[in-house]
Amino acid sequence: MNGPMLDLVGVWTVILGAGVFFYVLLDGFDLGVGMLYGLNPDSTSRGIIMNSIAPIWDGNETWLILGGLALLAAFPLAFAIIIPALYFPVLLMLLALIFRGVAFEFRFKDKEHRGFWDNAFAYGSAVATFAQGTVLGAFIQGFQVEGRQFTGGSFDWLTPFSVMTGVALMAGYTLLGAGWLILKTEGGLQDWARVQGRRALILVLVGIGIVSLWTPYAEPDIAQRWFTWPNIIFLAPVPLASAVLAWATWRSLGRDHHAWPFVYGIGLFITAYLGLAISLWPNIVPHRYSLWDAASSESTQAFLLVGTLFLLPIILLYSGWSYWVFRGKVKADAGYH
Amino acid sequence: MSTDRLLDPLILSRLQFVWVVAWHILLPAFTVGIASYIAMLEGLHAWTKNPVYLRISKFWIRVFAVTFGMGVVSGIVMPFQFGTNWSRFTDAVSNVVGPLFAYEGLTAFFLEAAFLGVLLFGRKLVPPWAHFVAASMVALGTLLSTFWILAVNSWMQTPRGYTVVDGRFFPASWVDIIFSPSFPYRLAHVVSGFYVTTAFVVLAVAAYTLRKGRFPDEGRVMMRMALGFLTLFVPLQIVLGDMHGLNTLEHQPAKLAAMEGLWEGGQGVPASLFGFPDQKAETNHFEITVPKLGSLYLTHHWDGAVKGLKDFPADERPPVIVVYWAFRVMVGAGLAMLAIVGVGWLLRWSGRLYTTGWYLRGLQWAGPLGFIAVLAGWTTTEVGRQPWTVYGLMRTADSVTPSLTGGDVILSLLMYMAVYLLIYPTGLLLLRRIVRNGPLDHDAENDTPVESGRPAQPVVALPLAQLPEGHAAEGHTP
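Taken in order, these protein sequences are the chains called A and B. Per the working numbering, residue 467 is the first one in the first sequence, and the count goes up by one each step. Per the working numbering, residue 2 is the first one in the second sequence, and the count goes up by one each step.
You may find that some hints are simply not true.
[As the list claims (entries may be wrong)] Footprint (simulated), chain A over chain B, 3 or more residues, beta carbon under 8 Å:
1) 87-98
2) 331-338
3) 395-408
4) 413-425
Keep in mind the hints are simulated off the structure, nothing from the lab. Note that the structure is a prediction, hence the values are computed from the model and not measured. Beta carbons are placed, not taken as given, at the ideal position from N, Cα and C, and that holds for glycine.
Let the hints inform the model, and build the full structure from the sequences given.
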């Protein structure tokens with residue numbers, strides 16, 4: 467393994483890691499908003515809830531495609547093993563995203579079946595989130611692999627642990643969604659979102675707790691990484707930061723803060739994400755292939771990197787602009803395209 | 002035997018791919034063209050200030066919102082198919098085509114998504130020029146998407162610029178990979194085909210609008226624009242199709258032979274007009290041919306040499322009857338389009354274009370013609386590629402995910418079928434409703450309540466953007 471290749475894999479690890487995290491964050495809050503939509507029976511509130519994400523959900527979901535395609539291009543072996551192993555969670559997620567995506571337009575235009583599309587939006591968001599959570603759980607547990615192929619069964623992913631991570635992610639996205647609604651709404655709806663946010667936070671902390679205890683218990687390697695000297699000193703800031711952020715989120719949900727619950731919620735996701743990355747490093751097919759084993763050829767990674775380094779800042783710029791255009795509190799009054 | 006086939010993960014995976022792609026392709030076939038049309042209308046409105054263009058644009062934006070949303074969600078399904086059902090293909094080719102897929106996401110999807118929000122919901126929030134830029138960026142995004150995905154497809158059809166190590170493909174030249182021999186022809190033929198498809202939809206809606214007599218100005222402008230456009234693009238599309246066909250003759254002779262239903266190669270081959278190819282008997286039943294004509298249009302020479310299907314081993318021939326008939330449906334649709342445009346001009350010269358009932362009715366029926374041609378053309382080229390995923394190098398049978406059982410795939414296929422059969426007809430119904438309401442300036446029933454959350458006071462200047470639209474005098478037709 468020579469020098470430049472090492473660098474490329476490292477760079478792609480950062481890009482893929484950041485891309486997946488952007489997806490989790492951005493589609494996370496709008497899937498969470500979708501679930502909160504299901505929990506709120508008031509039709510005026512529902513209009514505001516949906517309008518708070520209507521202009522941006524599509525861009526948020528694009529990060530899912532980027533994450534998938536970056537995995538395919540930069541770490542194809544991982545894509546070819548992991549995606550078949552997750553055949554049904556991926557299917558569930560895709561179908562749920564279809565229902566939820568078309569509901570944005572169909573709900574307004576198919577008035578006779580508005581109730582159906584309302585449900586499609588709420589349940590679609592919930593099922594997509596649950597499926598992504600099981601993907602996370604199954605990923606942590608690892609896959610049965612021989613050579614370059616997944617050789618397990620199509621229901622190996624379904625375990626109590628993956629169901630737990632599915633539910634925990636639903637709570638996590640709901641927390642982010644509540645943070646978004648607090649930022650974008652006012653009055654009664656905002657108060658309601660604060661209450662939902664606290665409920666979700668409790669579940670999130672239970673989920674983080676179970677994952678943090680179960681993974682080192684089940685995988686001695688992970689226990690060794692976290693609990694041996696001197697790692698324990700270097701890595702201690704991650705769980706400590708989690709605890710502080712959890713407390714800050716709880717506190718700010720109870721006060722007249724507009725942006726902080728969302729910001730602290732994001733912080734909590736960052737620490738949880740870092741924690742998982744530390745546990746699984748340096749493997750991309752857990753317990754089997756490292757990032758370097760699964761990487762595509764140097765020429766492939768280099769060719770894609772040139773354009774990516776040029777395009778990503780531009781993407782962030784105009785995506786940021788489109789968020790800027792729709793800044794401020796969402797109003798209930800109707801208008802049109 | 003029949004249960005084996007019924008539960009064969011390979012056949013089921015192919016059916017599933019056909020199912021999800023065939024439905025998906027209908028949307029880009031329309032949104033690529035309509036995005037450009039909307040950008041053009043927004044530009045014309047900004048330039049001429051004629052409110053007719055604005056009303057037409059708003060109308061198509063309503064249609065676009067529904068179709069684009071469906072295109073996005075049915076499109077997200079696609080890249081995952083390569084992982085879920087075609088993992089051996091993915092493992093083998095990702096080093097070569099992976100970046101092309103990723104560049105589609107980076108150059109196209111984000112551009113479309115970010116500016117779509119502004120196009121749909123931001124008319125009152127940004128200055129008119131920014132709204133026009135948003136429309137143009139969405140249109141550009143759809144074209145870039147077409148560029149990259151066809152680069153991948155063309156590489157699968159006519160692979161170049163690679164080396165093979167241990168059964169996997171590695172890049173040797175990126176220019177050769179992206180600009181493989183069939184790519185320029187395929188790109189031109191597809192984009193032009195998508196534009197023609199859209200123009201026929203616009204024509205059909207214009208005809209409907211004129212027949213109802215509710216929006217005569219808008220109806221006439223749409224009809225004149227669409228007919229003018231098609232006058233140029235239908236003949237151009239036929240020429241591009243011919244060039245693409247000659248390219249296929251050079252690089253994929255077995256596919257070309259299947260399109261022609263030509264079993265016996267040689268010099269001065271006939272053209273088959275009609276027949277039923279029989280894969281096993283290696284002949285066509287009930288065939289009508291014209292001697293030597295095949296060589297003439299394929300090689301531009303009466304005695305030109307053309308390879309027949311029998312020049313290829315039986316296990317390297319595509320399913321001939323599918324390719325043969327799909328090709329004829331596509332060509333038939335093209336000729337019908339040419340006739341429709343021709344008749345349109347005859348009526349226009351005699352001043353009866355907007356009032357001839359039977360023609361307007363016919364145009365309504367011709368609305369889906371482009372979609373039929375696109376599906377038929379896509380079937381021709383993709384089924385014609387069989388039995389390969391990478392032409393001549395990797396078989397479809399060796400591409401499927403090994404861990405899948407027939408039960409897995411039949412379950413997923415049934416679920417995709419159920420969902421698409423609910424979503425697509427609903428979408429179509431809603432589109433019909435939008436069309437029935439017509440190009441109203443304010444369409445309370447069909448406009449999504451906005452969204453904008455911008456507080457009023459910090460808004461920068463731009464009093465023009467704040468004016469209610471339709472303020473100008475009643476539109477006149479230029």
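Hint check:
1. Coverage of the stretch 87-98 of chain B by chain A holds. Counting CB-CB distances below 8 Å, 7 residues qualify, and the rule asks for three or more.
2. By the rule of at least three residues with a Cβ nearer than 8 Å to a Cβ of chain A, the coverage given for the stretch 331-338 of chain B is violated, with 0 such residues.
3. Chain A is given as covering the stretch 395-408 of chain B, and this holds because 5 residues of the stretch bring a CB closer than 8 Å to a CB of that chain, at least three being needed.
4. For the stretch 413-425 of chain B, the proposed coverage by chain A is satisfied: 5 residues have a C-beta within less than 8 Å of a C-beta in that chain, meeting the threshold of three.
This entry does not satisfy hint 2, going by the numbered hints stated previously; all others are met.
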